[in-house]
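*Asks:* Given chain A, work out where chain B with the ligands should sit, using these hints.
Read off the chains here:
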Amino acid sequence: MKHRTPLREALLVFERTPLLSSLSIASIGFSLFTIGLFFLVALNFRRALDVLAERVEVVAFVLRGTPTETVSQATQDITAFPEVLELRFVTEEQALARARRELVEFREAYRDLEVNPLPASFEIRLKPEFRDAAHAQAVAERLRGFPFIEDVRYGRDWVERLDKLRTMAAVVGLVIGYAFAAVAIVIIGVTIRITVLQRAKEISIMRLVGATNSYIRGPFLIEGAIKGILGGVLAIAMCWVTFSVFRKTTGDTGTTLIFFGGLQMTVMMLFAIGIGLGGSLVSVDRQLRSV
Amino acid sequence: MIRFNHVSITYGNGVSGLKDASFHIPRGQFVFLTGHSGAGKSSILSLIFAEQKPTEGEVKVSGYQISKLTAREIPRLRRRLGIVFQDFRLLEYRTVEENVAFALEVTGARHESIPNRVMRALTQVGLASKARGYPKELSGGEQQRVAIARALVNDPHILIADEPTGNLDERATRGIFQLLREINAGGTVVVMATHDMELVRDTGFRTIELKNGRVVYDSGVDDAEAAP
Ligand SMILES: Nc1ncnc2c1ncn2[C@@H]1O[C@H](COP(=O)(O)OP(=O)(O)O)[C@@H](O)[C@H]1O
Ligand SMILES: [Mg+2]
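These protein sequences, in sequence, are chains A and B. Residue 288 in my numbering sits at position 288 of the first sequence; the count goes up by one each step and never skips. To get my numbering, take the position in the second sequence, counting from 1, and add 291.
You can trust all of the hints, since none of them are fake.
Each computed BS3-like pair below joins lysine-lysine, with the alpha-carbon atoms no more than 30 angstroms apart:
id, chain 1, residue 1, chain 2, residue 2
1, A, K201, B, K427
2, A, K201, B, K344
3, B, K359, B, K502
4, B, K310, B, K359
5, A, K201, B, K359
Calculated from the structure, these hints are not laboratory results.
Looking at chain A on its own, in the form it has when it is part of the complex (with noise of 0.2 angstroms):
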């Protein structure tokens, strides 16, 4: 006779019930896989518009004739801004070469010019958390109160749409997720609960013969941490993929979209296993008061 801890006798389950278990281990993982495809989603469309704000850029006109002295104590003073990361300082003949280079259909007219029409500029890149539009605006209105600053420049049309590109997948991401979250948690209770209404009549004789409540919970809880365990691998492996099969498809070479990293995966696990844990939990302590 085999002597039976808490972790045989949860194993014993799966041995005993393979196709239940199998059934509550899809149904985790299936319900995870969900949240995780959607955070997966939601995770590269951040990191697009990360991307595109990347090129949030402040350029600020000098007018004509500032002292060179001005120049670099502007620079101090600009780059000591907070919210700025770079700056760069265009000199006019700077600003011609480079409209010469990359302006192909200008280049005939800029060949012979006498006089360059071209303004000094500083060019402001700022920090990943400030590439927004008030703060974009804020660095905006500072620059101009500098009386040797003939004009800003951010783009602001385009900065404010990316501002509610970002609200917006803000708000999607936190409603469907909460609504997924909520879903999954519905269904893997339901999962649960049937494996432990199947096994009432054992939880009412361990009742009868003395067993304590955490005795008896001790099973459970070791059942639904190992289900949820192996339902949040399943999810991530399911995740990885439908990832790899999409990358393949569009051809990303391996740059461009990116996978959950470590920390999110231990999240997806820690989550897997909470539900597993509480599912369990609340569905015996509902057995057990019943009896």
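*Replies:* The following block gives chain B with the ligands in isolation, referenced to the frame of chain A:
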């Protein structure tokens, strides 16, 4: 051992299960609870093992006052009791010995001690040879013996049997009853509910008869120990 003092039970739906029952069951006694279906036999037994608490009055079992038991104390009380039902309540995916061992495992008994105690209980009920079998390979009478072995394995002070022979034929009934007598002879209080008057007749054991939730007859009232 067991004392009922003006005990009443009213169920949630307003149905009365037991009305003003008083009796005392001393150490070592064999007691029949008799009466028709619905008379209140199971209600009395469920109070003894604290499946429910009295609506009125007081129930004392082995020093525990049932109405004041905390959730933690209920398992402790039940470890001192053995409980047997009409429907055996065996786990069909466990062998006979595992069904019996179950009662020890879940109460945290030292596992080195379990096999010996299980065999002792199975020997006592005459089923040592079927230890490795499964319940469905056994007759009804044998299954009830397994249930009794499970009830005995904790060395209970009190054995509670709710219509233990209700599903059994004449022969098996006699066998189970004989076994319960032997257990009682060993000093264990046995409280057995039955509506089988044939069985009760001529045994000379104390009989408490119930009707509509009231004690209408108690052959043991004259016992000196029954005085409150
Ligand atoms: N859990 C319950 N809920 C409601 N009524 C109950 C419950 N258990 C028993 N009763 C009622 O209490 C009365 C006594 O029942 P019971 O003690 O089971 O009788 P017996 O065991 O003698 O057949 C019956 O009328 C029965 O319907
Ligand atoms: Mg009954």
